[in-house]
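Student: Chains as they are written, first to last, in full-length UniProt numbering: chain A, 1 to 534; chain B, 1 to 313.
Calculated directly from the structure, the hints in this document are not laboratory data. Heads up, some of the hints might be wrong.
[What the hints assert, rightly or not] Sample of chain A residues facing chain B (criterion: CB under 8 Å; computed from the structure):
1. Gln41
2. Asn46
3. Gly52
4. Gln54
5. Arg125
6. Thr188
7. Gly201
8. Glu202
9. Val204
10. Ala207
11. Val210
12. Pro246
13. Gln254
14. Gln382
15. Asp383
16. Ala420
Just so you know, these numbers come straight off a predicted model, no measurement behind them. Think of the CB as a built atom: it goes at the ideal place given N, C-alpha and C, for glycine as much as any other residue.
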Amino acid sequence: MDRRSFLRAGAGVAAIGASGGVAAPALSQGANARTLRFVPQANLANFDPIWGTQYVVRNASAMVWDTLYGVDDKLDPKPQMVEGETVSPDGLTWTFKLRSGLKFHDGEPVLAKDVVASITRWMPRDPMGQMLRAIQKELVAVDDTTFRWVLGRPYPKLKYALGKTNTPICFIMPERIATKFDPFTQITEYVGSGPMRFVQGEWVPGASAVFAKFDQYVPRQEAANWLSGGKRILVDRVEWKVMPDPATAAAALQNGEVDWWENPISDLIPLMRRNRNIAVDIADPLGNIGSFRMNHLHAPFNSKKVRQAVLAAMSQEDYMRAIVGNDDALWKPLPGFFTPGTPGYTEAGGDILKGPRNLDLAKRLLAEGGYSGQPVICVVAQDQPITKAQGDITADLLKRMGMNVDFIATDWGTTGQRRAMKNPPDQGGWSMFHTWHAGADCVNPAAYNALRANGQTAWFGWPDSPAVEAGVNEWFAAPDAPAEKAAMDKINAAAMDDVVYAPTGFFLGYTAWRRNVSGIAKGPLPFFWGVSKS
Amino acid sequence: MFAYVVRRVLATIPVMAIVALFVFSLLYIAPGDPAAVIAGDQATPEDVERIRQSLGLDRPYLVRFGSWVFDILRGDLGVSIFTNLPVLTMIQQRVEPTLSLMVVTLILAITIAVPMGVVAAWKVGTWVDNFVMSFAVLSFSVPVFVVGYLLAYIFALELDWLPVQGYTSISQGVGPWLENLILPAIALGSVYIALIARITRASMLEVLQQDYIRTARAKGAGQRSILFLHALKNAAVPIVTVIGIGVALLIGGAVVTESVFAIPGLGRLTVDAILRRDYPVIQGVVLLFSFVYVLVNLVIDLLYTLFDPRIRY
Chain A
1 MDRRSFLRAG
11 AGVAAIGASG
21 GVAAPALSQG
31 ANARTLRFVP
41 QANLANFDPI
51 WGTQYVVRNA
61 SAMVWDTLYG
71 VDDKLDPKPQ
81 MVEGETVSPD
91 GLTWTFKLRS
101 GLKFHDGEPV
111 LAKDVVASIT
121 RWMPRDPMGQ
131 MLRAIQKELV
141 AVDDTTFRWV
151 LGRPYPKLKY
161 ALGKTNTPIC
171 FIMPERIATK
181 FDPFTQITEY
191 VGSGPMRFVQ
201 GEWVPGASAV
211 FAKFDQYVPR
221 QEAANWLSGG
231 KRILVDRVEW
241 KVMPDPATAA
251 AALQNGEVDW
261 WENPISDLIP
271 LMRRNRNIAV
281 DIADPLGNIG
291 SFRMNHLHAP
301 FNSKKVRQAV
311 LAAMSQEDYM
321 RAIVGNDDAL
331 WKPLPGFFTP
341 GTPGYTEAGG
351 DILKGPRNLD
361 LAKRLLAEGG
371 YSGQPVICVV
381 AQDQPITKAQ
391 GDITADLLKR
401 MGMNVDFIAT
411 DWGTTGQRRA
421 MKNPPDQGGW
431 SMFHTWHAGA
441 DCVNPAAYNA
451 LRANGQTAWF
461 GWPDSPAVEA
471 GVNEWFAAPD
481 APAEKAAMDK
491 INAAAMDDVV
501 YAPTGFFLGY
511 TAWRRNVSGI
521 AKGPLPFFWG
531 VSKS
Chain B
1 MFAYVVRRVL
11 ATIPVMAIVA
21 LFVFSLLYIA
31 PGDPAAVIAG
41 DQATPEDVER
51 IRQSLGLDRP
61 YLVRFGSWVF
71 DILRGDLGVS
81 IFTNLPVLTM
91 IQQRVEPTLS
101 LMVVTLILAI
111 TIAVPMGVVA
121 AWKVGTWVDN
131 FVMSFAVLSF
141 SVPVFVVGYL
151 LAYIFALELD
161 WLPVQGYTSI
171 SQGVGPWLEN
181 LILPAIALGS
191 VYIALIARIT
201 RASMLEVLQQ
211 DYIRTARAKG
221 AGQRSILFLH
231 ALKNAAVPIV
241 TVIGIGVALL
251 IGGAVVTESV
261 FAIPGLGRLT
271 VDAILRRDYP
281 VIQGVVLLFS
291 FVYVLVNLVI
301 DLLYTLFDPR
311 IRY
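Next comes chain A alone, as it looks inside the complex:
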């Protein structure tokens, strides 16, 4: 019996009984309609959004800490904590004014000095922040509500940097906290100015986390839209209940013991749908991009031809079906690197991933690339369903291509360590590993580390492609949308030619909630503002 079958048989069978809508209320249901019980994607193991950049930390942090700007569903940064900004004609001096009424959860007002300290702590950990830090001349608080940022050269993407959804988000903390802990040291006091406060005393890492409505929060007047607009909290408490077992989470949702499950696995979706008390929908239209990365430093993948051979032979459909099953609504082929459905999406240079797969071409490219049977150390984390599914497909693919695969079945913690090693594969290094990227991180090059190709300082695999880097620089300097799009076309084509990594396809995920919950918005993270429970 495979994992899918077992999950269906194990917990999913419960839904058969409940499919007639007879899911009876749990013992405690109705006890507190002002409490939203939420099953997050993972355990909230730490709570410093700058130190720990996992998505689950970001998602919780978005309730507790506020941002200067926030992107909406058009990825347009809108003022959030700031009232507005002025920019000097040369684009070098930015002056920001904070809106009134901003308060931290300890009752202290949010001041410009808090913002300066928070930005200073954020910059070293964020790719865009690092670029800003490199060109920064001055960042100072002018008075309590005004701060000024002087740059050495224009940076048109500054508001986007301060309002993006990618981790780490530039959250604003009190100065005393932001200056006490460097960005590589975890904070111990969780004071923000967001619409909810963290109830530290009820935090049991690995089990639960509680957030209470912050009554003194003053939301903006605009309607909430992703990280922008009025973040109105309509419940008193949000309780996160960590459930590592999807079958348990499914049963708890059916039984009314929880209200919202962030990421139900696709295997259980048909059963969820049969329960009339449960609603199911796509969680994040920006989805995810599957990926396997090859090590550009060592044979055999230090040869461009060998990398291209893999692209010529790989079937993205195989990868996607392995990840999401037979639900065709959940995936699409991706002959490119950017998120489909976003303004910058491009397929420039992606022909090699289109049409019937060509094993003969792949073998020819392998020969031209000088492949002579070297072992391919294929590191596959078995504890992550997505990496495991991709790894199985890749191993089969490479064997059919005639490559000598050394399949290293391991866990994600070990993969994380091994992928950082630059040694040759036969000396503890690696040839390839699998991962995936949130689509929100891949809408443009801003926070797209995985697409950077700056050699030894690039992301794991260390691709070196001057053409890709030139395109990235062009995008950052682009003054308008057409110029950005042109830059992204160049990046995509160059990255495909050099095979920065192999995209295995675009896939979506679901979210599920009890029908007495309303206001759940689609987006790259679960937004709790506007969500109510009857």
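Using the hints, position chain B against chain A.
Tutor: Below, chain B alone, put in the same frame as chain A:
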């Protein structure tokens, strides 16, 4: 006896020291990097290295081990790499659910398994015996998580008698506390019940062949008296031994059971810590489990003297 107890308690010290050395060394040589997990997927190798340095993971083995042992001797199990909380606090947060689960499971298992084994021995070769043995084989064969899912389906989703998951502290009432523990305890206890029932049966069968049982029967002692007074007490030593050994089984089973029923106990804490390579937490929990196991064995050894007066320390 007192001297024996003192000797045994003192003997736990070298045992714990060896466990500590093993745990630390195994974790040191095990692959995996908490810094990489903390840094996240978007982090650069430089970020990972900075975090590794800030956590002190770049220090040599002996320095790290020495520092850890020194802290333990002061009663400090360290601080979790991930949560930044003291390991002792994390264990305290989790100890009640696990302890509750184990106690309820133990009581449930002993209450069910011992009479089952006694009755099976009494009715050896009959359908009762066959039923008990079949039940034992089935309980042994079906994994804990399968039993858990089935119980949740029947008693939580279908009948709506009990909750699917979670834990309620005993401080909020015995009723709610038990509601959350019944299904996990049955799931966890199924293997344990099978084990104890089988050993009880085997041990009882041996004792029931003894001359003094025949004598008791000849003297007109009642069946219940023979079984539970004369036979069971003399069959108790191997049963108690198995109960003690089974505690290790319970500790292992609690890891799975706590995951299936989303109970925030030590088992889940251990798994989470291992997956993330949260070394201080792993070390702290393993030390605790080892200590508990050593203690349980001591209690079992002492219990022998109650059941068999011939045993003297």
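Student: Which of the numbered hints are not met once you compare them with the structure shown?
Tutor: 1, 7, 8, 11, 12, 14
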